[in-house]
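Assemble the complex: chain W is given as a structure, and chain L must be docked to it using the hints.
Just so you know, the protein sequences line up as chains W and L, in that order.
Just remember that my numbering sits 390 ahead of the position in the first sequence, which is counted from 1.
Just remember that my numbering sits 390 ahead of the position in the second sequence, which is counted from 1.
Honestly, I wouldn't trust all of these hints.
Because identical chains share one entry, a pair is satisfied inside a single copy or across any pair of copies.
[To be verified] Straight-line distance between alpha carbons at most 25 Å, and here's what the computed DSS-like set of lysine-lysine pairs gives:
1. K481 x K569
2. K425 x K449
3. K555 x K635
The hints are simulated quantities; they were obtained by calculation from the structure and are not laboratory data.
2 protein chains.
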Amino acid sequence: MRNLKLVMEYEGTNYHGFQRQINSKLTIQEILEEKLFVLTEEEIKITASGRTDAGVHAKGQVINFFTNSNIPVERFPLALNSMLPEDIAIKKAEEVPLEFHSRYSAKSKVYSYNILNSLTPSPFFRNFTYFLPRTLDLEKMRQGSTYLLGEHDFIAFRSAGSSVKRTIRHIYRLEIREKEEQLIELEVEANGFLYNMVRIIVGTLVQVGMGKMAPEAVKEILESRDRRKAGQTAPAKGLVLQEVKYFS
Amino acid sequence: MRNLKLVMEYEGTNYHGFQRQINSKLTIQEILEEKLFVLTEEEIKITASGRTDAGVHAKGQVINFFTNSNIPVERFPLALNSMLPEDIAIKKAEEVPLEFHSRYSAKSKVYSYNILNSLTPSPFFRNFTYFLPRTLDLEKMRQGSTYLLGEHDFIAFRSAGSSVKRTIRHIYRLEIREKEEQLIELEVEANGFLYNMVRIIVGTLVQVGMGKMAPEAVKEILESRDRRKAGQTAPAKGLVLQEVKYFS
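Isolated chain W (complex conformation) (with noise of 0.2 Å):
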C-alpha cells in the first residue's frame, strides 16, 4: 500500500464546501474520489488538510489517501485533471511515508483574503474578492492585526458550529498589502485555524480601516472571548487556501 500527497487549486464558487456532505449536494471532495475510482478502481478515501466552506477557493489544498494501485504518482495529476471539471486541478502529486496525514502532519497554514476597495465592482475579480466600496486606512488595519500576532485563545474569532474544544492558535505573521491598484491582499499564517478564523479577522479589521472601531479594540475583543464584539464574517469568496507546510 502506497500513501500519496496531492496539492490541489480549486474555485469554490460552484460547490458546496470541500467536504462530502450527507445530503446531495456538490462538494469537491465527492468529485475528486469519483475519479480516483475511475482511475485506480478502487473506492478511496481521502483525507485533506480542513475543509474549505461554500465559496472559498484553494491555491494550496492538500489531501492524501491510501492506495494498492501502481500507477506511478507523476501520472496521477495528468489523469485525473483529463478528467475533472475546469474548476478543479491538481498541482502535484507524490508518494510520501505511511504516517503522513495531510491534516495531523501539517506544520502552518497560509491563508490570503482579497478585498476590492474600488468605487465600481469588476466582473474580473467577482468571484475571488469582496468588494468594499470604502475608504480603508490601511495602516489603521495594520496596526490593529499587531493584537492578533503570537499565541492567543482565539474564540472570539470563531463562528458557533465547531466542536473543537481547543481555542488557543499561533499566528506566526499577519501581512496587509496593496497587491495591485485598489486589490488588498491580506495574508496570515498561523499553526491552525478555527471555524471561520480568517473571515472573522478580515471583518473585523474592516471595522477599524472604515474608521469604526479602533486599532486597540482588537485586542480588547481577544480578551473578552466574545465572538459578538468581533465584527461579522467577511464573504467565503474573498479567501483562499494557499499553502499547507509540513514538518519535512
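Frame of chain W; chain L shown alone:
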C-alpha cells in the same frame, strides 16, 4: 442633447461577443442598451470602440451614446452597475463633445493576451488564459515580435470574414513578459487592429517560442501577405481589450 462616454469592464465568457446580433444570441451591447433604456427611458444605440468576439474580455472597452436625459453623468456607473449582471461593469462615465466617436476618435488601442505556461491547468485562470503546457523560449518570441513593430500591411495576420479594405496598421509596441510565475503576458499597442490580428500574432509567436518556426519567419510571413503562412488563431479567452486611447 449630450454625448456620454463610458468605460466598461467585462468577462466575455458567457456572451456571444460585444456586438448586437440579428439572431437572439446574448451580447454585451444588447444588455447595456436594455439597461440604458430602463435608466433613461430612451431607446439608446451605443457605439463601441470596436466589437470583441465571443469569449474575449475587456478592462477598458469604450462606448458612447447620445441622450436627452438629464441624469447627472456621474450617476450612470452606480445606477447601471446595480442593474447589470456581475460580469459586466461600468468603470467611468463622462460627458464628451458631440463630435466624439468611440471608434473614429481613437488614437490607439491596447490589448493584452495571457498564456498559462504551466504543466497543469489552473482553475483560477481558466477563463482568462490560453493553457499551453509546452516549453516556450520567450527570448525567441521577443526576437520574432520585433519584425511586427512599425507600419506594415498585416493582411497575413487577419482572419477571413472582414470587409475592411485598408490592411495597413502601425504597431507602436509589443511587450512579452512573465507577469507572475508561469503566466506570460503579451501586450500590444497599435493605431488599430485587423480582425483576429492579436490572436494570430500570438498563435504565430507561440510557434516561434516552441521552436517550430524561426524568429525570422515572422518577417517572411508579413511579407508573404498570406494568412496560411501564419500560426493558428490563439483562443479568444486569453485576450483582453485593456485600453482605448484618444487624442487630447
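Could you work out which earlier hints the structure fails to respect and list their numbers in ascending sequence? The structure breaks none of the hints.
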